[in-house]
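The task is simple: from the sequences and hints, build the whole structure.
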Amino acid sequence: MIATDIDPRSARRVERATRRAESAAFNDSKKRLSSKGATIAAIVIAVFWTIPTFGLLVTSFRQPADINTSGWWTFFAHPDLTIQNYTNTLNFTDTITVGQSFVNSLVIVIPATLIPIAVALLAAYAFAWVDFRGKNLLFIAVFSLQVVPLQVALVPLLSLFSNGITIGGWAVFPGLNLNGLDGSFGRIWLAHTMFALPLAIFLLHNFISALPVDIMEAARIDGASHGQIFFRIVLPLARPAIASFAILQFLWVWNDLLVATIFTSGGNFPITKLLTDLSGTYGTTWYLLSAGTFLAIIAPLIVFFSLQRFFVRGLLAGATKG
Amino acid sequence: MTAQRVFSPSARRRTLAALAVTAVGTIALAGCTTANPGSSSGTGTTGQQTVTIYGPDTGTEATELNASWAAWGKANNITIKYTGDGNFTSNIATKIQGSDLPNIGMFPQPGLLSAAISTGKVTTVSAATEASVKKNFSTDWQGYVTSGGKMYGTPLDANVKGYIWYTPADFKKWGVDVPKTYADLVSDLGKIQSTTGAAPFCAGFNSGTASGWPGADFLAEVVLSSAGPSTYDSWVKGKTKFTDASIDKAFTLLGQILQNPKYVNAGFGNVASINSTAFADVAAKVADGSCAMTNQATFLEANFSTTKTKGGAIPKVGPTGDVWAFALPSVKAGSNAVVGGGDFAAAFDSKAATQKVMTYLSSAAWANSLITVQNGSFISANKGVDASNEKDPLLQSAIKTLQDPNTTFRFGADDAMPTVVENAFWKGIVDWTNGMPQAQAEAEIQAAWANAS
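Just so you know, the protein sequences line up as chains A and B, in that order. The numbers in numbering that gives the first Met the number 0 rise by one with no breaks, and the one at position 295 of the first sequence is 294. The numbers in numbering that gives the first Met the number 0 rise by one with no breaks, and the one at position 280 of the second sequence is 279.
These are calculated hints, taken from the structure and not from any lab test. A quick note: this is a predicted structure, and the numbers were derived from the prediction, not measured. Errors might be hidden in some of the hints.
[To be verified] Calculated cross-link-like contacts (lysine to aspartate or glutamate; reagent style EDC-like; alpha-carbon spacing at most 16 Å):
1) Lys-390/B to Glu-300/B
2) Lys-307/B to Asp-65/A
3) Lys-426/B to Glu-441/B
4) Lys-426/B to Asp-403/B
5) Lys-315/B to Asp-391/B
6) Lys-307/B to Asp-130/A
7) Lys-309/B to Glu-216/A
8) Lys-315/B to Glu-300/B
9) Lys-240/B to Glu-443/B
So this is what it looks like as structure tokens:
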């Protein structure tokens with residue numbers, strides 16, 4: 000009874016203290032950074048950085064022949080709006096339509112974000128708060144996996160999925176039996192999970208290990224098991240770190256083309272694959288790309304704006320408290 | 000009571016968290032086990048079989064391919080699932096190494112096909128397909144799918160490179176005739192330049208990682224017509240070096256146009272702007288009249304549909320239209336050698352359905368179905384093709400060129416060379432356009448042969 004009483008309250012207390020410290024630091028740096036010069040510089044930089052995107056947006060509403068023959072800035076002299084590029088893009092079919100590929104992207108991205116977070120959270124907790132033999136060595140091994148470029152793992156991973164592993168005549172893993180271009184989404188979920196885990200474990204470990212020792216000890220004294228500590232203290236406190244990694248992983252998987260073309264096929268292609276195909280084999284319809292790009296960034300924008308308040312906080316938390 | 004109140008939200012949270020973790024785990028496991036053996040090829044329960052084809056054509060070209068075999072597939076209870084991939088040439092190597100193979104691969108380059116054959120994963124064609132290929136294709140084309148005396152695939156579509164696009168009305172205005180020889184072409188350019196005072200020729204080499212290929216194609220066309228087919232063949236095989244006098248002469252001939260600041264780059268800028276111009280962008284400049292001539296394959300025709308003439312209309316392509324093309328005149332008069340390209344199908348297994356599709360793809364029936372696809376851009380070198388089925392005048396003339404027994408057809412040299420050499424070739428062309436001395440560019444490309452095979 001007492002144990003359950005203490006956890007949430009102390010957890011909340013820590014959260015409150017963190018927030019207070021953060022807002023104090025924020026106000027401090029706000030005072031130091033907000034001068035007229037800095038504000039003007041920030042606005043100028045923001046405008047300059049937005050110009051190409053703005054040009055792309057304008058282009059996406061211009062007539063195909065105009066796009067082919069003149070720059071987007073001439074639009075202001077001769078405005079001639081059309082949504083034809085958007086309808087053409089949505090009607091574009093290449094084994095599947097752009098709409099279907101958008102759904103495919105969601106089907107790929109959501110599990111490919113949730114699975115690594117679930118696995119990495121457990122691993123990060125174990126690395127931070129469970130004592131076992133060879134912990135540091137194992138953590139260094141996981142950490143150093145980050146330097147392995149995923150491109151070198153493509154062929155072995157593909158071979159693992161299709162042929163399995165056999166050691167000394169004994170089939171350790173029989174393979175997924177998905178030969179041909181008829182694969183399901185399973186392979187790409189697993190592939191993305193594998194490529195994401197080293198960074199996920201590292202980021203979450205840094206955050207979780209920085210939680211105050213006192214709460215953990217208090218919980219242990221009150222008789223909480225690892226499971227209880229994990230679910231009632233670590234999970235709620237690690238929310239900002241989870242959210243920031245979720246955004247990173249979501250954007251990475253959403254924008255991924257290489258892993259998707261290797262591990263999916265035909266009916267399962269994500270939207271990035273359709274974008275590269277939009278212009279056709281000989282680049283005949285490249286003017287559709289601007290409209291396609293804006294359709295493709297809808298989902299990342301929604302995710303970013305709904306989770307962005309966690310983003311900066313979580314990243315800083317993970318990065319500076321090593 | 001107090002304890003109860005504190006306990007309940009946390010308990011709810013714990014259940015939720017546990018549920019979330021379990022759900023994620025289940026999804027992960029489900030992902031592993033959703034393999035559906037019934038959907039893989041050759042095991043249809045109702046007699047419906049699936050054959051997967053993996054190839055480089057995407058977008059409209061992919062739609063055309065699907066339309067070309069749809070009716071046959073329905074009649075024969077075979078579903079042909081086509082997957083197009085713009086990065087086919089690099090991804091097929093990964094897929095072969097990882098044993099993740101389609102039933103049939105569509106190779107855009109003979110060099111790539113022979114590399115695939117050397118891995119031992121490509122199966123030889125059935126006797127029926129072999130007979131069909133021998134009946135329908137010339138020995139030039141049979142050679143591309145044959146290795147060590149065995150036949151491994153069938154030619155599919157074809158294209159003809161080396162067309163000079165121009166505006167017939169402007170030619171009439173300037174008093175210029177369609178040139179008969181390469182020297183005439185160069186003197187015509189001079190004539191136009193002195194009349195208009197502007198550069199008459201435009202070119203674009205920019206094509207992402209493949210930048211330089213339009214120049215490599217142009218050079219290959221000049222080599223074939225100036226040095227002849229036998230030198231061309233030995234050049235493609237690496238026996239005649241890039242530094243050889245015959246290839247050097249072709250560079251010099253090409254330089255008369257592409258390195259002359261008076262002749263290029265119409266509508267874009269100086270000689271170096273050729274590298275920054277996207278290969279298909281030249282269509283817009285030919286259409287609006289700011290560029291008098293450009294060299295590109297038949298496919299450029301499709302690009303004119305989104306350009307504007309000086310008057311603001313969409314240009315008509317045809318002998319009497321706004322834009323038309325003539326074959327690149329040969330260096331020696333009377334030679335009729337053309338450079339082109341094409342795709343080849345090769346099977347990775349010997350299942351009955353796969354082999355049946357292979358036989359169909361090698362037949363005249365498929366080739367005729369391919370060229371009659373509405374608004375289609377494909378042609379074929381298949382001898383059984385009826386050229387009168389092709390409504391487009393340009394493609395019809397290209398088919399006639401391919402079928403003419405006097406035509407010497409050669410594959411684009413870059414595509415037929417090993418991939419490392421091909422990439423060096425493209426890069427060498429880009430460097431040459433950027434101002435690298437000719438001899439140095441030739442030596443740079445030649446050096447890549449040391450890394451081939």
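Evaluated hints:
1. Lys-390/B to Glu-300/B: With Cα atoms ~14 Å apart, Lys-390/B and Glu-300/B stay inside 16 Å; holds.
2. Lys-307/B to Asp-65/A: At roughly 8 Å apart (the allowed maximum being 16 Å), Asp-65/A and Lys-307/B satisfy the hint.
3. Lys-426/B to Glu-441/B: Holds. Lys-426/B to Glu-441/B sits at ~11 Å (cutoff 16 Å).
4. Lys-426/B to Asp-403/B: Violated - the C-alpha atoms of Asp-403/B and Lys-426/B are around 34 Å apart, more than 16 Å.
5. Lys-315/B to Asp-391/B: holds (12 Å)
6. Lys-307/B to Asp-130/A: Outside the cut-off at roughly 72 Å; violated.
7. Lys-309/B to Glu-216/A: violated (81 Å)
8. Lys-315/B to Glu-300/B: holds (10 Å)
9. Lys-240/B to Glu-443/B: Holds: Lys-240/B and Glu-443/B sit about 11 Å apart, inside 16 Å.
In terms of the numbered hints stated before, the structure departs from hints 4, 6, 7, listed from lowest to highest.
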